[in-house]
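> Here are the chains, one letter per residue:
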Amino acid sequence: MYTYSDFDEAFVRERCKQFRAQVARRIDGSLTEDEFKPLRLMNGVYLQLHAYMLRIAIPYGTLRSDQMRQLGMIADRFDKGYGHFTTRQNIQFNWPKLKDIPDILDALADVQMHAIQTSGNTIRNTTVDHFAGAATDEIADPRPTAELIRQWSTDHPEFQFMPRKFKIAVGASTHDRAALKVHDLAVELVEQDGQQGYRILVGGGLGRTPMIGQVITDFIPKADLLPYLEAVVSTWNIIGRRDNKYKARIKITVFENGIEKMRELVNEEFAKIRAKFSGYDQKVLADLERQFAPPAFKNTDPSSLEAAVAVDPALARWVNRNTNAHKVENHLSVVISLKEHGKTPGDATGEQMRLMADLADQYGYGELRISHEQNVILPHVAKGDIPALFTALAKAGLATANAGLTSDIIACPGMDYCALATARSIPVAEQIALRVKELDLEDEIGLMKIKISGCINACGHHHVGHIGILGLDRAGVENYQITLGGDATETAAIGERTGPGFAYDEVVPAVERLLKTYLEKRNSTDETFLAAYRRLGAEPFKEALYGDAAKKNAA
Amino acid sequence: MARKFTPKVLTANDLMEGDVIYLAADGSWVRDHAQAEFIEDETIAEMRMLVAQGQPEIAVGPYLADAKMGENGPEPTHFREAFRTRGPSNYFHGKQAETASQ
Chain A
1 MYTYSDFDEA FVRERCKQFR AQVARRIDGS LTEDEFKPLR LMNGVYLQLH AYMLRIAIPY
61 GTLRSDQMRQ LGMIADRFDK GYGHFTTRQN IQFNWPKLKD IPDILDALAD VQMHAIQTSG
121 NTIRNTTVDH FAGAATDEIA DPRPTAELIR QWSTDHPEFQ FMPRKFKIAV GASTHDRAAL
181 KVHDLAVELV EQDGQQGYRI LVGGGLGRTP MIGQVITDFI PKADLLPYLE AVVSTWNIIG
241 RRDNKYKARI KITVFENGIE KMRELVNEEF AKIRAKFSGY DQKVLADLER QFAPPAFKNT
301 DPSSLEAAVA VDPALARWVN RNTNAHKVEN HLSVVISLKE HGKTPGDATG EQMRLMADLA
361 DQYGYGELRI SHEQNVILPH VAKGDIPALF TALAKAGLAT ANAGLTSDII ACPGMDYCAL
421 ATARSIPVAE QIALRVKELD LEDEIGLMKI KISGCINACG HHHVGHIGIL GLDRAGVENY
481 QITLGGDATE TAAIGERTGP GFAYDEVVPA VERLLKTYLE KRNSTDETFL AAYRRLGAEP
541 FKEALYGDAA KKNAA
Chain B
1 MARKFTPKVL TANDLMEGDV IYLAADGSWV RDHAQAEFIE DETIAEMRML VAQGQPEIAV
61 GPYLADAKMG ENGPEPTHFR EAFRTRGPSN YFHGKQAETA SQ
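So the sequence lines, in the order shown, correspond to chains A and B.
Residue numbers for the first sequence follow the numbering used here, so the first one is 1 and each next one is one higher.
Residue numbers for the second sequence follow the numbering used here, so the first one is 1 and each next one is one higher.
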C-alpha cells in the first residue's frame, strides 16, 4: 500500500497548519463567512442541516488498519460515535464542531490522511474497484494508476477552480465494480497486442441529467495517461459552460459538442502538451506498482472452511453471499455488510471501526477497502481464517449475509443531514430492508440493486439502480419517483421513470409489489430482476405500481 | 405581481456548533423554534435579516423560513424546517436529544 513521501507529509501538515489559522481567524472575526466558506470547502468542511460535516478522503477506498482505527477514534472523540461511508469511497462525520476540525485534520495527518479536494470544483477522490489487487478478472491492480492520478490532481494549479467538480474512476476488470460509465472520466486498464494501456471514457454522470460515458480513445499507452488526462480536463476547463452550474459538467460539454469534436479538441491539446511530460511520471508509476505489491500470502488449510460450512448454515449463507473469489489460491475477498436490516446504510460506529481494523490485522494483512456500495471489504482473507472472522463479525452485528441482495441498498444521507436534499433517503432504505427481512424473500429474489437519493444530485446513484428511488419535495410534501432498469456495471443503463411519484408511506408497498411481480414473471430462478425487466419491458412493473391491483391494495 | 408576504421566523446555523438557531424578539439567538420571533410584517423581516447578517460571529447563512403560530409559539410549515427543529430520523441526535436532556 502507498505510504506518504516526505513531500506528501510536509504538504499535508502545511495544509493543516494553514487551516488551523483560517479557523482561528473566522472565530475571532477577521474572516467573514463569505471569505471563509471557500477555504473550509477546500478542506472538506460543509455546513449541513443540523451541524458541520467533514468529508475525509479515502483515496481509491483503500485503508490501512491504523487509519481505520483512527477514524474510529475521531468518531468517538469528536463526533457522536459513528461515521458514514459514502458512494465516493470516502467517509463523512456529521457532527464535528468548528473549533475541533483542525484537531481532527491533525489526527488524520498522523495516519497519512486528509480532507483535501473532498469538496469544491476540483478533481475529487479517484475511485476504483473495491476488489482491486484481489479480483480474478483484473488485468492488474488499478490502484497504482489511481494513486498516480491522485498525485497529479492534488492541488494541480490549473484545476482548482473548474466549471464544476470532476470525478474519475479507474477499473481493470472485465466486470465493472466501479461504476465507470457514470463518471466524468473513466480510466480502464486494458491490453492491446500484449501491451498494457488505457481506454478512456468521458461524459458519464448522474444528477439532473444522467448520461453514460462515451469512449474518447480506445487505447493510449501507459506513458500517455497523465498528458491525456490533462488534455481532457484542460479542454473541458476552457470550453465547459460556466453560465449555468447545472450545465457545467463535462457530460454536457460532450453532449453539446459531440464526442468527435471533443476527441478532436483533446487530441489537439494532447499534441501540444505531450512533450511537457518528461516521463518522470512513469518512474513514479513503477515505484507505486512496487508499493502496491500484494502481501506475503500465507498458506492455510482450506479444508477447515469446508468442514465449518458443512455444519454451520449461517456461516454457509454468509460465505455464499459475502465473499468473492480471489486471484490467489485459498483466499477470498470478504464483504463486511454495513447494511444490517433497519440500520443506516454505510454507517459504522467507532467501536465497529476498531473491530474491523483489528480483524484486518488478524485475518486480512492489515488492509481494508470501502466500496462505492457503502460496505467495508477485507480484500485478502485466507480461507482457513474465514470461520473465525465470521464468528468475530457476528458478535459485533457485522455479519449480515446480504451483499448484493435487496437490503444491500445504497442511500445518500438525504434530508436527515444534507442541506441540498429535498426529501429523506435513510428511513426509506431502513424500512425497505426491514420489510424484505419480514417477507423472507431476499434469497429468493437474489441479485438486486436498490439505490435511493434524496435529491436530483443523485449521490445515492438512483439512476443506475435496478430499482431507483428519488425523493423530491412536491408542494411541501416528500414524494418519491421510481425508476427501473438502471445498471452501474459494464452493461450500464439509466433507469426509466415509471410514472407519478409515491408518498413517503407508499414507497415500501410499491417496492414490495415490484419485487413480487418479478418473482411471478421471471423465467427461472437464474433470471435476475434486471434481466427480467429487460426481457419483459416496463409494462408489467408499471401495472404493479399503478394498475388496478395496486389501487385496490392501496384502498 | 409580488407575492403576498407570509409569516416567517429568522433562522441560521450557529458558527461554533453548526446547529440550528433562531432569532428571538429580544434580538438574542435561541435554539427552540417556539421561542423565535414570529414575524408577520415584511419590513420587520427585512430589518431582522440585516440584524442577522450583521452578526457573522454568531450566525451563518441566515434566512427567513415560513412559519405559523401554534399553541406554544411559532411552528414550521414545511417538513425541511420541521426536521431542523429536531434532528435526523435515524438517530436520537441533534435537537431532539438536547431537548430530552433539558
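Treat each hint with caution, since some may be false.
[Said to hold, decoys possible] Simulated restraints, written as ranges between beta carbons of each label pair:
#, chain 1, residue 1, chain 2, residue 2, range
1, B, 16, A, 10, 28 to 38 Å
2, A, 395, B, 30, 56 to 66 Å
3, A, 539, B, 99, 46 to 56 Å
4, B, 16, A, 520, 54 to 64 Å
5, A, 313, B, 34, 51 to 61 Å
6, A, 395, B, 99, 32 to 42 Å
7, B, 30, A, 9, 24 to 34 Å
8, B, 16, A, 395, 36 to 46 Å
9, A, 311, B, 99, 16 to 26 Å
10, A, 161, B, 34, 21 to 31 Å
11, A, 287, B, 30, 30 to 40 Å
[As the list claims (entries may be wrong)] Listed next, the in silico DSS-like pairs over lysine-lysine satisfying Cα-Cα at most 27 Å (straight line):
#, chain 1, residue 1, chain 2, residue 2
12, A, 343, A, 327
13, B, 4, A, 80
14, A, 97, B, 95
15, B, 95, A, 99
16, A, 283, A, 261
17, B, 95, A, 343
18, A, 437, A, 516
Please keep in mind that the hints were generated in silico from the structure rather than gathered at the bench.
Owing to the predicted nature of the structure, the values given are computational and were not obtained by experimental measurement.
For each residue, glycine too, the CB sits at the ideal point set by N, CA and C.
> Compare the structure with each hint and give your call.
Comparing the hints with the structure gives:
no.: 1; hint: 16(B) <-> 10(A): 28 to 38 Å; in the structure: holds, 30 Å
no.: 2; hint: 395(A) <-> 30(B): 56 to 66 Å; in the structure: violated, 45 Å
no.: 3; hint: 539(A) <-> 99(B): 46 to 56 Å; in the structure: holds, 49 Å
no.: 4; hint: 16(B) <-> 520(A): 54 to 64 Å; in the structure: holds, 57 Å
no.: 5; hint: 313(A) <-> 34(B): 51 to 61 Å; in the structure: holds, 54 Å
no.: 6; hint: 395(A) <-> 99(B): 32 to 42 Å; in the structure: holds, 34 Å
no.: 7; hint: 30(B) <-> 9(A): 24 to 34 Å; in the structure: violated, 45 Å
no.: 8; hint: 16(B) <-> 395(A): 36 to 46 Å; in the structure: holds, 39 Å
no.: 9; hint: 311(A) <-> 99(B): 16 to 26 Å; in the structure: violated, 51 Å
no.: 10; hint: 161(A) <-> 34(B): 21 to 31 Å; in the structure: violated, 43 Å
no.: 11; hint: 287(A) <-> 30(B): 30 to 40 Å; in the structure: violated, 57 Å
no.: 12; hint: 343(A) <-> 327(A); in the structure: violated, 33 Å
no.: 13; hint: 4(B) <-> 80(A); in the structure: violated, 42 Å
no.: 14; hint: 97(A) <-> 95(B); in the structure: holds, 15 Å
no.: 15; hint: 95(B) <-> 99(A); in the structure: holds, 20 Å
no.: 16; hint: 283(A) <-> 261(A); in the structure: violated, 33 Å
no.: 17; hint: 95(B) <-> 343(A); in the structure: holds, 21 Å
no.: 18; hint: 437(A) <-> 516(A); in the structure: holds, 14 Å
Hint check: violations occur at hints 2, 7, 9, 10, 11, 12, 13 and 16; the rest are consistent with the structure.
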